[in-house]
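These protein sequence lines map, in sequence, to chains F and S. No gaps in the numbering here: position 200 of the first sequence is 200 in the numbering used here, and each next residue is one more. No gaps in the numbering here: position 89 of the second sequence is 89 in the numbering used here, and each next residue is one more.
If you're looking for bench data, these hints aren't it; they were derived computationally from the structure. Values in this document were obtained by computation on a predicted structure and should not be read as measured data. Quick reminder that beta carbons are idealized off the backbone N, C-alpha and C, glycines included. You may find that some hints are simply not true.
[Claimed, not checked] Examples of chain S residues lying across from chain F (beta carbon under 10 Å, computed):
hint	residue
1	I9
2	V15
3	V34
4	D81
5	V156
6	I247
7	H251
8	Y300
[As the list claims (entries may be wrong)] Simulated restraints, written as ranges between beta carbons of each label pair:
hint	chain 1	residue 1	chain 2	residue 2	range
9	S	D32	F	W81	19 to 25 Å
10	S	L25	F	W159	41 to 47 Å
11	F	L215	S	F144	47 to 53 Å
12	F	P22	S	Y140	33 to 39 Å
13	S	M197	F	R98	19 to 25 Å
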Amino acid sequence: MQAEDQPAQPAVIAAPREWTLPKRPSVAANIWKFTRRKPLGAFGMLIVITMLAMTLGTPKASFGAPDLPSRPLGFELGKPWLARYDAEAIFRNVDTGRIARYNKPSTDHWLGTDKGGRDTYSRMVFAARRSLFIGLWALMFATVIGTAVGVVSAYFRGWFDTIIQRIMDSFQAFPALLILILLVSLRPPSLTILAFGLGFVGVTSVQRIVRGVVLSTREQPFVEAARVIGATDLRTMVFHILPNIMAPIIVVFSIGLGAVILAEAALAFIAPQRVPQDPSWGIMLQQTRAYLPPEAEGYHTLAAGGAIVLAVLGFNLAGDALRDVLDPRLRVG
Amino acid sequence: MQQYILRRILLNLLVIYFVATLVFLLLRIDTDYVVTQRAGQTSVAESGSSQDSTEAAKALVRKDLGLDKPILKQYWIYLKDIAQGDLGESFQAKDDVMSEIGNRLGPSLELGLLQVIVALVIAVPIGIVSAIRQDSIVDYVLRFVSIAFLGIPVFVLAVFVLLGSARWLHYTPPLTTYKDLFPFPPFSTGRGVDIWMNLQIMFMPAIVGGLGTGAIIMRFLRSQMLEVMRQDYVRTAWAKGLRERVIIMRHALKNALIPVLTVVGLLLGTIVSGNVILETIFGIPGIGLWVVNAISNLDYPVVQGVVLVVAVTLVFVNLMVDIAYAWLDPRIRYG
């Protein structure tokens, strides 16, 4: 009876309302959202991208072991596209035929010329390559070693951890700048050595942060689960803990880059004769201080100092924003 | 507490031992290069370029550095000398490194202290104002300024200040030696301390260094103040009807300053090594300038000695800071 009251089942089930997948926001929309939420971070990113663009040049077909600064990635890079002239090109004044020392900015030389008649703007762009690649190699070294030490030290804890941490404390007690000046003076000048030295100094802070993160990660259920199914220590560390601490590592990497670039510039400034001469912001800054050229009008100083300030600021802001997005609770430095 | 201090001192000794060993190893990475460089510098005057004399010069340098002995013996002698407080004598001036460090400590410490004072004088009022007027225009402006000074590296700022004053004010600080600047012990030269000269030299670097340090302290103090101002006892103080000045200065600031003081202490420790840059730029005859010159002269006993002394200062300043922390804030206990 009741069945008759109910309306008969329609023979064909009415098509459900059309399903629409939520539209994946476009890349542009994501960038816009990031910019709105973190304007300073976006500004930092802009500086970082500009600096990356400064290093790009036509690669040459010569492969081999990476060497700084000429072969940063194992192959040689030509003149950066953003530079107008070669870094060592010497210009002469058209009217007098003399070397164009300390020219004021003009359409030919956007930031004027330096003591040797070379284009300041082009040298500034060239120097970005040196700073960035020294930073990248140093941070790569620091991050790999620091992560390995931090993970192992925190994973095993106990007396092993204590010994490792005391050794790290003694690295920390090193006056880093002095050690770096010493290191570059102990060997024939080489930027590769310098990069390793800078990385070595960075190991302690990287490992401290990584260790802190791992100490809490290793207590989580998935690590316990891994242990229960019989994963070896190595397997637990590499396949279970490491993927879960990638976010802090990325943040440490990006914030560390600013610090390393700053340290490299300071070192080139303090001990230029020990650091190979080629376009370098630190050495450019040092030159103006040493001679106080009356006609330079400070453009040289402004170019070098401004580049250092902007680069460091850019990496710090970008790193901070990245931290807020990836791992807000992380305390760095 | 006593046990804690004792344990820390023992650990510090271990750390210092590690530092000494690292310096030892560092100086022996590439002895050939060092010896060649050093021999090149010493034998320029007397030798032609004959092979014999350079070999002789090299042998002499090896003997000077003690590199002709087996490495373990070198290590033993090195550690023994350090334990006896003997850091050897410098190559260049043949001075006893230990007493030279003592002589040059004066200007370095003075600069460090002045820097911290400048930083505190700037940072404390700004930090307080910025915290109690949170999110106002004043706060934003002050925070922006502090971020700016945090971002400008000290050597860039120093160059701009020095060039600017030379160009527009036609003034640069005078140059002098530590004997005039800071006779040690005081008044040993009979002329006393020339305070006017001293101030002229210290003025610029103290301010340049103080700005950078001040920015760090200000940011830290601001966040501490914000935290303290939200505590219950501060609300009680408001409820009692105390004046704003009293609440901020007596109740909030006292507690907010404790963690800040530890930061100041740690900065004081790093200042010894951080002042290398300021001393080099402004020509202040302290430890930093001395060691940079020593490095370019390949004067290894000096470098070795200074690195060790700085490391020792650093670890013990850290210990002092921790003890002072417990003394200032009785809630803190070290087990």
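Results for each hint:
1. I9: At 14 Å from the nearest chain F Cβ, I9(S) fails the 10 Å test, so the hint is violated.
2. V15: holds (4 Å)
3. V34: Constraint on V34(S) satisfied, holds at 6 Å.
4. D81: violated (19 Å)
5. V156: This hint holds: V156(S) lies near chain F, its Cβ roughly 4 Å from the closest one there, short of 10 Å.
6. I247: violated (30 Å)
7. H251: Violated - the Cβ of H251(S) stays beyond 10 Å from chain F, reaching only about 28 Å at its closest.
8. Y300: Where the cut-off is 10 Å and the nearest Cβ of chain F is about 9 Å from Y300(S), the hint holds.
9. D32(S) x W81(F): 19 to 25 Å: violated (42 Å)
10. L25(S) x W159(F): 41 to 47 Å: violated (24 Å)
11. L215(F) x F144(S): 47 to 53 Å: Violated: the Cβ-Cβ distance is about 36 Å, outside 47 to 53 Å.
12. P22(F) x Y140(S): 33 to 39 Å: holds (38 Å)
13. M197(S) x R98(F): 19 to 25 Å: About 43 Å separates the Cβ atoms of M197(S) and R98(F), which means 19 to 25 Å is violated.
The structure is inconsistent with the numbered hints 1, 4, 6, 7, 9, 10, 11, 13, although it conforms to all the rest.
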